[in-house]
Amino acid sequence: MFSRYFKWILDKSCDLTEVCSLLIQEGLLYDPVTEEGIIVYTSGTLPSQQDEGGSAYTGRLFTLLASKGWANIEALSSRLEHFIDRLSHRITV
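1 is the number of the first residue of the sequence shown in full-length UniProt numbering; add one for each residue after it.
With beta-carbon atoms standing in for the labels, derived distance ranges:
1. E35 to S55: 39 to 45 Å
2. E81 to I24: 14 to 20 Å
3. G53 to F2: 30 to 36 Å
4. Q50 to W70: 36 to 42 Å
5. G54 to M1: 34 to 40 Å
6. Y5 to Q49: 17 to 23 Å
Note that these hints are calculated values from the structure, not bench results.
Glycine residues also receive a C-beta, built at the ideal position from the N, C-alpha and C atoms.
Turn these sequences into a full structure, and let the hints guide you.
Encoded structure:
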């Protein structure tokens, strides 16, 4: 088990349901059968409200990465970073 935290800036609101749906699409959400994947452990910090400037939605994503082996934790971490980075770059200014 490993914890990861990200500051997340998006061009639209994102709640826990949407985050989990996106993680499922990427094959990243925790699967109780395999006991591996990513668990979002708080939803109150997600980018659900516009920032003061009204140009973006800023929040934080707190996750736990679960796996039976360290090599897969590193792979999950890398895939999660790419996932966050890809969604963050959808912002249009």
